[in-house]
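Chains as they are written, first to last, in the working numbering: chain A, 1 to 294; chain B, 295 to 717.
There may be inaccurate statements among the hints.
Said to hold, decoys possible - Cβ-to-Cβ under 7 Å is the rule here; a few derived chain A residues that face chain B:
#	residue
1	ARG99
2	PRO130
3	LEU152
4	GLY153
5	GLY241
6	PHE258
Hint data in this document are derived by calculation from the structure and do not stem from the laboratory. Think of the CB as a built atom: it goes at the ideal place given N, C-alpha and C, for glycine as much as any other residue.
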Amino acid sequence: MILKRIKIIPVLFLLPSLLFLGVFVYIPLIQNFYNSFFDFSVFSQSKEFVGFKHFIELFNDKVIVIALINNIKYAVISVIFQVFFALVLASILEDRLFRKFAPALRVIYFIPVMVSISVIALLFSFIYNPQMGLLNSFLELIHLEELAKPWLGNAETAIYSVIAMSQWQSIGFITMLFIVAIQKIPKELYEAAEIDGAGKVRNFFSITVPQVKETMFVNVLITVTGSILVFNEPYILTNGGPGVSSMTLSVHMYQLGFFKDNMGYASAVATLIFMLSAIFAITQIRISGTGKDD
Amino acid sequence: MKKTYWLLFSLLVVGILLGACSNEDEAQGAEGDVVEIDFFHRWPNEPRKSFYDDKIKEFEAANPGVKINVDQVLNDSYKEKIRVLVSNDELPDIFTSWSDSFAENLVSSGRIMELNDILSDDTEWSGEVLESQFGGFTFDDVTYGVPFTVDGKAFFYNKEIFEKNNLEVPQTYEQFIKALDELQAAGYETPLVEGLTNTWAISHYLGTIFQRVVDPAVLEKDYAAKTGEFTDKGYVRGLEIWKELTSYMGDVSTAIDHEAARNMFAAGEIPVLYMQFAEVKMVQDASDFEFGFFNFPEVEGGKGDQKALTGAPEGWMLSKNAPPEAVEFLKFLTSAETAKEFTTVDGQLNAINGGVTEETSNPTSLEAYDIILNASATAPWFDNAVDINVADVFMRGGQDIATGVKTPEDVLQEVQEAAKKLH
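With the rest of the complex left out, here is chain B (with noise of 0.2 Å):
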């Protein structure tokens, strides 16, 4: 009885082994030619979602054999998910990249593929996209990723607001100050806000903070992990800054995230509100009012370029590994046609010649778009500029700041010693 039980069960396993590997044979068979290219990016949220599926559904039609398996996952998640993935053989063929420091991370793991012969082998393509973009995706003069989207982070202002009590656009600090007293006399307890349970939206401040008021030298030295010391006067300087614009933000700018701020600017509550261009359309889309935009102010007595402009691409990135119909992907979408159907879908400006015009976006955008293009420099976002361990510090000490838990002396004090930790 017993040997009968084990014979059973030894067919079963075998019996099980052999399905396996039939299967297998039989989905390569099956295949034959078809070749699969794994497409990672981080929008499961809409319109975009549904853009690149269409797209995929359009490459595919266009190059029978070529199957694309898409994933997606939203803006944190992608952050942990793609670092996981990058320090193994799994990275996908092709994936989003931010620019600069968190693409630098990216391409230490030597996985990620070098664009330069594929840039200069065919420039009808590549000549499109704007030179000026590729700066965060270039280390040691090796391109590792096409810049798509364009970004940069202004004051958006609510014009009628504006009107109504006779407020100039402020083109210095001071007078940024004096219009948010007036804005706070006429009414508006809190003429400012932020979602400050962000901490990405203290960091964009504080990046374009610094931006202004340090020396450039000085930063690039303290941004640099080896070398970071963060005993310039001028951070001292920056985080006061940061700590009166706070004083006009309430209590309640702790307690909420960046999309409740939209909300209430978009609600006509907000007069003011730091934003980036890719969120223009979705407050045209909730508001019934008109917007403007001002850079962030002058500030007297700042040794940075006052009027460069905080912002960064994102873009594509291809994995060593990927198969050559991976490259023809990556080409199909940064051509001008997907450039200018995405900015149409979409709302968000990108870096492809053409692509946003007229046609494809609406007054208020073009604005966004020539300040970006027009911009004298610009700064990364500062979590992607300086090392995540001190940009956290620095983060966090934004939000002890605003709760007056803590003072920019001390904040300062915990970035030192982080980034000594570094060297």
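Just chain A, same shape as in the assembly (with noise of 0.2 Å):
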């Protein structure tokens, strides 16, 4: 009776995460995998199989390569920015000489933060205004009007001005875990650097880094998957436009489904997303080797 008890309580308590994981992930990510052989449309329940054409299709698909080249960039530069530049601004708040505002700063990085998207996204959408937005104003003021632009309605500027976005949004994020990060380094060692005549700089880059290196790969693996996946700025700020410069693997799927009715092919996008960004997590977590220095 007692061993009987012993067996089914954990499995009890397993339970609801097992089913909420299996009902809204695991579930429809085989069934997305299914769909991505058949063709059909949400107007009507017949499905029609057509094997790997949708796959084959993939590769001829101009716009995912335009699509998967914006999405790198996106990575990229969400890397440098939002992990090294982050880490840099971590540091520096943690520094003694910044003690006295590091709260207030760390409040004010964070803001962004917690702040909705699609407010996020208006309140760029005025910066980038090409009549009387703050952007194309400022440069105006400072005498730079030539390189004043309709920022999100040229082609080559786009997909960076939707980037540029993401970065201010997402920066005070990462910061905040590095800051935690940071702070669990030991005290000693820095005492024992500066004993060693060791600056500012070189201990940023001697203890600071290697100690650190574990929310460095978290968060290069948050950055980068977010990449992969990123929908809500593009679609918000540009909608993939103009043409299909800014287009990003997300916003291209989700018009192939809900817009163009391609319901078939746009599963096959989600697969290819979904193999990305667990190609990358495997490769990063490989690389880094998590865990093992313990």
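Using the hints, build the complex out of the two chains.
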């Protein structure tokens, strides 16, 4: 009787989370994979089996290439700003010189994280507005009128304008994670380095960076997978336009499915996105060898 | 101890289940003969939201025992939501729909009520609806929707600016370009503007241009998904016309939406803008000058009807499972009285006889109404007329032509590829 109880209770504890994960993550994932072999419309329930047609189509779709390049740009720029720049920012905030202002600055940097993305997109569409936008007015103010452009309406600047907004929003979050990591570094290390005559820059590279390696890895993972999945920012700001210049994989998928009513192909794109983020995550975990340090 | 917990737990579960059941019973019991109608429209914005809320109250007061559950979301979200709803049995009893391919898509679900008998049984009501507007809701001689609002697209022009610069209303495309050049010379850097971030605005232009330029027989063949090829030379010409027009719109247009463009027109900054008659009231409320309209000018050598008007009605549809009360509600929504009140409150023109009069509309709107009624032919909205996969390539290509990234030939080639996939 006792044995039986012991077996049943852990299962009961696991059951809710397993159920939720199953219903909301694993079953849809498998179903999506299954769907990508069919041609179907949301208007009707009938599905037509087409085999690998959608996956072959992926290779001939020019928009996929543009979207993929945009996602990569997103990832590279996000890693540079959100991981490296945020780390620098965090260590400056944790420096003794800033002890007085650090709490206030931390809050200021973190506020954008708490604001809804729709609100931020609206704000930035004012900033980028070609007629009365802050950015162009500012450029005019410092006599750089020739640099003013319709930022979101220009095929060359649209994607970078979208990426810039993301950096502004997310840097506070990553900085916060780094601050927590830096606070965990034993103070003795810095004291010893100081006695040895190390300066601030040397401290940063020789103590802070190696000590926060684990956090850095997690943050790279968050930003890179986030960049592959990015949807809200380009969807709200430009809807992938002008043309397809600021299209990302997720926006393309959404439009294929819900706008062009091409559910089967959209499922194939979703599978591609899943594969990409899975591959990135697995290689990163392999390369960094998380957990082996301890 | 454990046993007590289990007992309590089971009791709780049973209690919840019983509670749920009894709630349902109660709800059904209390309803008795109350019929619920699910009503879904696309105007969460004013003045229409209040208008329909009032109409619901009025109908409920006149028909005790009927309860109307209303839901509303804005344009693009509506398109997405109704597509999902129509794919299962959650389809609301009465809802709004555009005409032509949008309506045809909904009809293809097999869940839309056929209205032929209802229309012929009550000619007192259906006879008041303009016959000409039913076309976009009729497929294989079966009518699935009742048109309510009518619309058309025309160039709105600022009469004061035109007078000041001694400009005549252009009759041909050549004259139009000349007028734009003159306006530019007079200091209007962008004599024409459009919010190119709204791809539908591009589709309205392209639809009209193709209608003017391309042979109607070719259009009919190409607009059908199964036979579309888009190899006619007319399309290149059409996209070149688009390119020429965008050259007057300036850089700004690629980064703004149609609403911003309308505000620029209403502020008197822009002399000409391609708008829907549905926008007449909005422009009137925001501007302090007189404006007039002219149809898209004749294109020399164009093979289409040069006097046709682009524009299509919007109307109401019923679900196949809708109760008879929903039919009554439909008649109420499209009655002459409702129509009169609607146009007085909202300003948009309607398809009901006697719904648009001097009483309900000002002279500017009546002028627009005349243009709609007297158009030699009507062309549907382009994004409703062709398959969305093709329309999307045209619309995004339209943006690319405006930003100078692609040439008309590039875009047309992509269109041909997209069209081929639909065969």
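Hint by hint, here is what the structure shows:
no. : hint   : verdict
1   : ARG99  : 44 Å, violated
2   : PRO130 : 5 Å, holds
3   : LEU152 : 5 Å, holds
4   : GLY153 : 3 Å, holds
5   : GLY241 : 5 Å, holds
6   : PHE258 : 5 Å, holds
Hint 1 alone, counting from the list given before, is not met by this structure.
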